[in-house]
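Number of protein chains: 4
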Amino acid sequence: MLQLRADVTPQQIKDVESAIRELGLRSQLVIGETAATLQVIGDETDKDLHVLAGMQGVEKVTPVNAPYKLVSRRLHPEYGLNGHTKVVNVAGVEIGGTSLVVMGGPCAVYNRQQVLETARAAKEAGARIMRGGAYKPRSSPHSFQGLGKAGLEMLMEAKQETGLPVVTEVLDPRHVELVAQYADMFQIGTRNAQNFELLREVGRSRMPVLLKRGFAATLEEWLCAAEYIASEGNMNIVLCERGMKTPFQSSENGRFNFDIQAIPAVKALTYLPVIADPSHSTGKRALVTPIALAAVAAGTHGLILDIRREADGPIIEYVKDGVAMKTAYCDYEQALTPKELETLAVAAKAVHTAMHTPV
Amino acid sequence: MLQLRADVTPQQIKDVESAIRELGLRSQLVIGETAATLQVIGDETDKDLHVLAGMQGVEKVTPVNAPYKLVSRRLHPEYGLNGHTKVVNVAGVEIGGTSLVVMGGPCAVYNRQQVLETARAAKEAGARIMRGGAYKPRSSPHSFQGLGKAGLEMLMEAKQETGLPVVTEVLDPRHVELVAQYADMFQIGTRNAQNFELLREVGRSRMPVLLKRGFAATLEEWLCAAEYIASEGNMNIVLCERGMKTPFQSSENGRFNFDIQAIPAVKALTYLPVIADPSHSTGKRALVTPIALAAVAAGTHGLILDIRREADGPIIEYVKDGVAMKTAYCDYEQALTPKELETLAVAAKAVHTAMHTPV
Amino acid sequence: MLQLRADVTPQQIKDVESAIRELGLRSQLVIGETAATLQVIGDETDKDLHVLAGMQGVEKVTPVNAPYKLVSRRLHPEYGLNGHTKVVNVAGVEIGGTSLVVMGGPCAVYNRQQVLETARAAKEAGARIMRGGAYKPRSSPHSFQGLGKAGLEMLMEAKQETGLPVVTEVLDPRHVELVAQYADMFQIGTRNAQNFELLREVGRSRMPVLLKRGFAATLEEWLCAAEYIASEGNMNIVLCERGMKTPFQSSENGRFNFDIQAIPAVKALTYLPVIADPSHSTGKRALVTPIALAAVAAGTHGLILDIRREADGPIIEYVKDGVAMKTAYCDYEQALTPKELETLAVAAKAVHTAMHTPV
Amino acid sequence: MLQLRADVTPQQIKDVESAIRELGLRSQLVIGETAATLQVIGDETDKDLHVLAGMQGVEKVTPVNAPYKLVSRRLHPEYGLNGHTKVVNVAGVEIGGTSLVVMGGPCAVYNRQQVLETARAAKEAGARIMRGGAYKPRSSPHSFQGLGKAGLEMLMEAKQETGLPVVTEVLDPRHVELVAQYADMFQIGTRNAQNFELLREVGRSRMPVLLKRGFAATLEEWLCAAEYIASEGNMNIVLCERGMKTPFQSSENGRFNFDIQAIPAVKALTYLPVIADPSHSTGKRALVTPIALAAVAAGTHGLILDIRREADGPIIEYVKDGVAMKTAYCDYEQALTPKELETLAVAAKAVHTAMHTPV
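Chains as they are written, first to last, in our numbering: chain A, 1 to 359; chain B, 1 to 359; chain C, 1 to 359; chain D, 1 to 359.
FYI, nobody ran anything at the bench for these hints, they're computed from the structure. Treat each hint with caution, since some may be false.
Derived CB-CB ranges, DEER-like [to be verified]:
1. A:A324 - B:I31: 38 to 44 Å
2. D:A286 - C:E310: 38 to 44 Å
3. A:A6 - B:T98: 56 to 62 Å
Positions of the beta carbon are idealized from the N, C-alpha and C atoms, including for glycine.
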């Protein structure tokens, strides 16, 4: 980390960046409220950064040997040790700080009517960002894999009607450009938590990224995934806890175990905002609401929830290559109805208010 | 399960119990609000309980093949499917229903002054039951093992002064009788979650039992442990979630991972009340308060917290066999100061109120 | 699954394939020793495959609802229930059946001399396939990421000199074509165990694939990953167990826990061969040899091992963009010296012989 | 740790022991081949053991701050760093060193005929120690709990007939004295891995103890459990790996995951012998043999296996309080038939020989 002088000039910065490149490293300029720093990207082993200390515009050189630097709270004192977070702006909706953002929508996009109706219902029930999957990472290749571009178009239509920004998953670095044309926020799913090439590719965009924690990722591995995105220049990252794979999953206790400790723990390690997905962690409607409220009490900045229409049953229709198909509604058991979402949103607000009311 | 007729006589019950014994089984009478049942204890394999259907006083015979029956919500319709819980009375303090009980005290008892001062402080900060360990199960035999009977006497003195009922751990079936003379509630610790002989022994008492979940126990294994207590006739059981051993423990994320889903999930399976121990799950002061509040939002009936005096340092004194000793304060990193407990208690009450206020 | 008649004609097969496509599904022809089948790929929900039963050339239609079909032993009776495996040919080296193949090489490729010398040493010590990483998936973006194409060229040179076929990791679907020009076998690493787009892309090649088990993958998830490759037509798959993430990792017990049960268990579920990677599971030289021998005794078809030169130290040199760099030798602690590999290979052969000698 | 002088007198030892007691600590005399040491038991925090350095007979004082000392290889250089183990003598059968001991018998004792016949068959098939449970720790109180004393008598009869020493589980510190009258080796089961009062009680005996690893115990926790036994003076301890609870248990992959790495890893930490239980880890007959052979290849000193009679079905008869009962045969799915045990024993010997034949 190179702290720059208050009167550093653009040319001086260029010279320092160039000197860093000559060492085989890269750098990223971070302009804070009171000062600017150059964070060094790459392996500092055997590099003596102190040779840069004499360069014009350089205030101080601090070699940092850490797996993540750009997203570290400790290395960004401008956010304070337990304090403020970055606020990520998703097409006008702000995530971070002291607000609580509810996101909702269908797990997967199947047909135009389903998406439009679910989006309207989600909005009415209090959601401010719409979720929906056009590319679906399914354990088996024999399961429904999403509608791809056709699904993105349906999401776009729902967005134009409701005004809700859209978050949708991207699975393949080759799809990043296309998805960026339709969505307002990339989602990186739990199965791609260490798909580093994909992380790099969304890092080359400037569109916000919702980064789910790998279901078997430690906090450090999660933050390193964020660091991959940041190392390409995209700092618009929102973390999302979505449950761990443990020996204690069961039909009663859910598909995964929501790691409630991760919320305060990761907030102490990074200044990025963190939201909670109680739908995919629990996999079970009856558990979604209590876990959502618990996440609010633990300090989450938002909730992302699977929603389905009241009338949806476990089988749903879609069209693929012109053929009418039916398939099992993905993650049906965990989707809330709009009415349930509304009740949850009201309760979440009450808990959030109780948390932020001075005594 | 044998449902008894409304006009069943004591003699008829005795006759049925005797017939059950002749089958090599035992039974337990449960008198509900509207009816009485005899739950069959033991292995029903190859037993035709229907032979009892013709006996006087028997309304209906329903063979049940389940690992736990006595503590099952499904088999106790008097509590409703998602509804009421048993209320367990601990020397006047009621746990269960819609109240929220805060328990606090030192992890371990070291000396008279420490116990008295911590108890007073805990009471002032809002605790209604005092915790404190006289027998300590430590991973290593070289660690401080507790003061035993001398510690129980100190707890008794603190109880007499403050009026707070005492919950304390019992480790050995041979100590149950002694501990019962001093305490108001047994604690069964996580390491004894499948110490079936100890569970049976506290089941033979009628004193309430705080049953911690094993750190590697499924919900079913936890409820089977409760069933061991119940099968000896003691139904005064309070469950306590205290964290799972997962691959995701770390110095940042805590010693164990609090299983927030367990709270609503176990409440659907049993009518017993369930409380939360955020101190031992997190092992870290900074995580205790957010996890405690999350547990309240998820529906816990109580909190149990490690407290230490403001001035306590990481080393503390005690006397053993007349020799003055010093030792590391057990679980020092996770103990709240009285001031922190007070802040937590106020916030917990606010969240609890938000949860129970109709909208 | 459609069993075809013995006298089915190519045109009849085409007609059936076309009819399957009209149902919105795909198919794959599998020609066994005594008969041919068409396996249906895709979601059979709501599809009545029996309409195909009347078509010419179709012997029998059996709808199959399973997460994996193409790689399932149960659905491929030609391999027998506990019996034979597919033999995968890697540039002349056969994996599967009753042989035991040792693969070895450096974890990562750093420079020409290192690769050549390690390859020679590995060959002399008994390795028949060379491993080596040109693209390295590292938890942190600040760690050495591999030499990419330059590394592939070094591997090619080592192959030309030693005659050993090369297995190397591919991380990005966009690199598949390039890697195929240099390597004889793709490696899919544990972090990409559910990178479905990458799996599909190597499935479109016909080059053999070494598919590592995800460190948090169940056997079913692992076989579903293989199914993604197979569903694109590439059946040349070798599975590789490489350790689970559990709560019991420790500096003494290794970075991951090798799942010895997975070897016989997965062999009962699939006819694909399965090899063992004791280097990455244990992360520790002292554990590599006993775990390798255990894997042989449990029935593995091969071993893949990290090797380094005798003289290699924990820091190694490479050149990046013309700049001379030094970095920590990746996974240094787990790499065997050639001498250790030789001793292991001899012991492995002795155990393998003992296993296959009739008593 | 106090190293004593070669010419230390019994009176001098007594004096030193007494001085240690005055510090509030205890000690244990260990007489090695070339020297004697006093290991200090208890919490050394704040104790200056160097005050003992001047006492007569004391060669050197080395304060040790470790969770386990008595069973540590590092603190017992007489066994060498990777070398020899203690040999534990179980009524004439030696466990440890380079031999491989097979133990077998029924999971639970149900009736006289079953025990006698299974014992005879186990002996013929190659077992040298007989296992069998008279006290059974079952998850549910409604399951068969063992015959207790009557079961011990049946085991005694089988031992008298076959000459095989008996290992049997003890669950309750109050049963230790009784069990010692019938058995030759205590078994501490996985559920009592941290039942410290029970560990202490078998430590007060001098009968050998088979200490199973807790299914959620780290290596350190396992060795601390051994240390509890040792700290009461009983050094006749044999460790037994029996499978971990992980997220990867499945009907195919077994009830638990055998930790093959634990065998070489724990042998590096302690000089105690370590055996393997593939029956309870896998819970599945088809996996028992490959895992047993793998354990031998990894360096285990013995195997303990569940055996049943050829003709045994999943339901078996017993008599309780004079009533004829039937129950599910405990762990039926994992029990080998005598013929299977024989095949396994021959293969195990072949692997063991291959391991110990110099090349």
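Hints versus structure:
1. A:A324 - B:I31: 38 to 44 Å: 60 Å, violated
2. D:A286 - C:E310: 38 to 44 Å: 42 Å, holds
3. A:A6 - B:T98: 56 to 62 Å: 58 Å, holds
In this structure, only the earlier hint numbered 1 is contradicted, and the remaining ones agree with it.
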